[in-house]
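Enquirer: Line by line, the protein sequences are chains A and B. Sequential numbering from 1 applies to the first sequence in the numbering used here. Sequential numbering from 1 applies to the second sequence in the numbering used here.
There could be a bad hint or two in this list.
Derived DMTMM-like pairs (lysine to aspartate or glutamate); straight-line CA-CA distance at most 25 Å [what the hints assert, rightly or not]: (1) B:Lys335 / A:Asp137; (2) B:Lys267 / A:Asp130; (3) B:Lys120 / A:Asp112; (4) B:Lys335 / A:Glu55; (5) B:Lys335 / A:Asp112; (6) B:Lys63 / A:Glu55; (7) B:Lys414 / A:Asp130; (8) B:Lys308 / A:Asp49; (9) B:Lys120 / A:Asp49; (10) B:Lys335 / A:Asp166.
By construction, these hints were calculated from the structure, which means they are not laboratory data.
These are the residues of each chain, in order.
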Amino acid sequence: MSMGDLAVIRGRATHGMAREIALIGILIVVSMAGSRWAMAADFQPWQGDSRRALEQQYARKPFILALWSLDCAYCAEDLRTLGAWVRQHPHVTLVTVNTDIGQATEAATFMDALALPAHSRWQFAGNDADRLRYQLDPAWYGELPRTYFYDARHNVQAISGRPAKDWLDNWGRSLP
Amino acid sequence: MRMLMVLPASCRAMVLFLLGLPALLATSLALAHEGHDHGAAAAPLAISLVFDAQGTLWRASVKDGHVLVDSSRDNGQHFDTPRVVNPDVQKIGVDGDAKPKLALGSAGQLYVTWTQALQKPYTGYIWFARSVDGGKRFEPPFIVHQDRAEITHRFDALAVTRMPGQSEDRLYVAWVDKRDLLAAQAAAKPYAGAAIYYAVSDDGGASFAAERKLADSSCECCRIALVTPEDGSGDAVALWRHVFEGGVRDHAIARFNTKSVSADAIKRASFGNWQIDACPHHGPALAQGGDWGWHMAWFDGGTHNREKMPGLFYARMDGEAWVSSPAKRIGDGSKQAGHPALISRGDAVWLAWREMETDGSRLYLMRSQDGGRSWGEAEAMFNTAGSADYPMLLMRGTQVYLAWNTARDGLLLKSLETAP
């Protein structure tokens, strides 16, 4: 669409063709909302208060909050383990958070390759990963993988590194 | 357009919409690209700084896939037009402990290294470029290592020295390398961590000899501290996070040169016994301690140290063992004291680190006047409300400076009290 065409549209608008323009506008808004929705389906933006919001969303439900990054050599295996585990324990919700700001494409490719069960995927948003980390948990220094295991009462166990399979199974058995 | 006017209004709207759709899609993709693939449009905060002999401050930074070098004659208040070091756009490592490195040659040359992130996760190449005309222009960059497999070559470290009687600088470039891990995996043999490799140039960075292995079983994602001692030896000393027996991520130190490195050259340098299969993204700092040894600062995760608490530590070491014990705990662990910087001049030592605050972060500094035996109180030096790089300590002639690159407050630079 050239600038000339736009000028014509603007010109017509002044000649009482507002309805036409409004229709174009609606179509544009609908299509943009559609593309935004498609992006959101990939990664939801993780912000300073996202952990609290998640705890409210999963109130009285057990869930696993797993943080990972693209350059973490242990994260793929850890995520596979957690994915397989929640497949066997479908009452436990898996939530993953990628800590690489601004690398949605790479992170999505990485995640898709792991073929985890469908779950809610998040990615650090904004431009201050250190702060998001600190807001999420002041006792977490950035080592990855980092995983928070919530039971239904939201007693939380935080683990840096890969939890052993035995530990996971024991935790699963301890759930009410 | 005129043709469209014969169509009913709703059809015209649809046609116009469809005509506009490609442009709209391109716009929304561009927005997605900007918003998601590069985060904020601002350049990453991870930079390197060095003063030259004339007191000009040089800075290496990364923006839009280029390593840029610019200079300031007024201690960082104003910088000139940056030189583009890599003509072709690359994805350059600036996350966590990664940043471009900048070092000064003995005749004012500027040496730069960086890590290009490749397509596959964890993979990269280490690049080098130099300027031999005082920073006017940079020669074409090249890859330092001969191994070109698409595997991990990341976390470049750079140090420069001059051998007595030699006319050209000697350069050491060290990095984290996974060739041995992958070979072991292919042979179904166990291998912990990655390896440290290094390459040496004895012609001032015109070329590098084939790389050598410094050590097996390093941590995979922490910066290497690399220093060339001022003792005429032409050697280099590296301190890095290592993977010891049982997955313990303590530190190792080694002195090395152009000859093969024997296994007994590698000494254990920290004893926190942090046992973890994880990437700490938290490498150490190292500075020469007179003619007796080394000042070291590092982060320990606290699974097995004395207080069972994570935190930052300082210790001194001669070539073989600690010369003070236990390690000194630094800063406020509950505020994530971390990412240390060290510099020394004779018996004076400066140690800087960063702590998080509810509304930003703060830089702290500690000084010792007796080679690290005793230390003054921690002093708050800078604070900033937004995101920030890790602290840097640098020397301008004999004057020590503390530097911190921040999103809100720009480049903060402060000259530190220096004994004559």
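Enquirer: Each hint: holds or not?
Expert: Evaluation of the provided hints:
Of the supplied pair hints, the one linking B:Lys335 and A:Asp137 holds, its CA atoms being roughly 11 Å apart against a limit of 25 Å. Proximity of B:Lys267 to A:Asp130 is assessed by CA-CA distance (about 32 Å); at most 25 Å being required, the pair is judged violated. Between B:Lys120 and A:Asp112, the direct Cα distance comes to roughly 14 Å. Compliance with the 25 Å bound is thereby established for this hinted pair. With a C-alpha separation of about 24 Å, the suggested pair B:Lys335 and A:Glu55 falls inside the 25 Å cut-off, and the hint holds.
Proposed proximity of B:Lys335 and A:Asp112 is contradicted: the alpha carbons are some 36 Å apart, above 25 Å. The suggested pairing of B:Lys63 with A:Glu55 is violated, with an alpha-carbon distance near 37 Å, which exceeds 25 Å. A hinted pair counts as satisfied when its Cα atoms are at most 25 Å apart, and B:Lys414 with A:Asp130 qualifies at roughly 24 Å. The suggested pairing of B:Lys308 with A:Asp49 is violated, with an alpha-carbon distance near 29 Å, which exceeds 25 Å.
Straight-line distance between C-alpha atoms of B:Lys120 and A:Asp49 comes to about 32 Å, which puts the hinted pair past the 25 Å bound. Restraint check: the Cα-Cα separation between B:Lys335 and A:Asp166 comes to about 33 Å, which exceeds 25 Å; the hinted pair is violated.
In summary, the structure is inconsistent with hints 2, 5, 6, 8, 9, 10 from the numbered list given earlier, while agreeing with the others.
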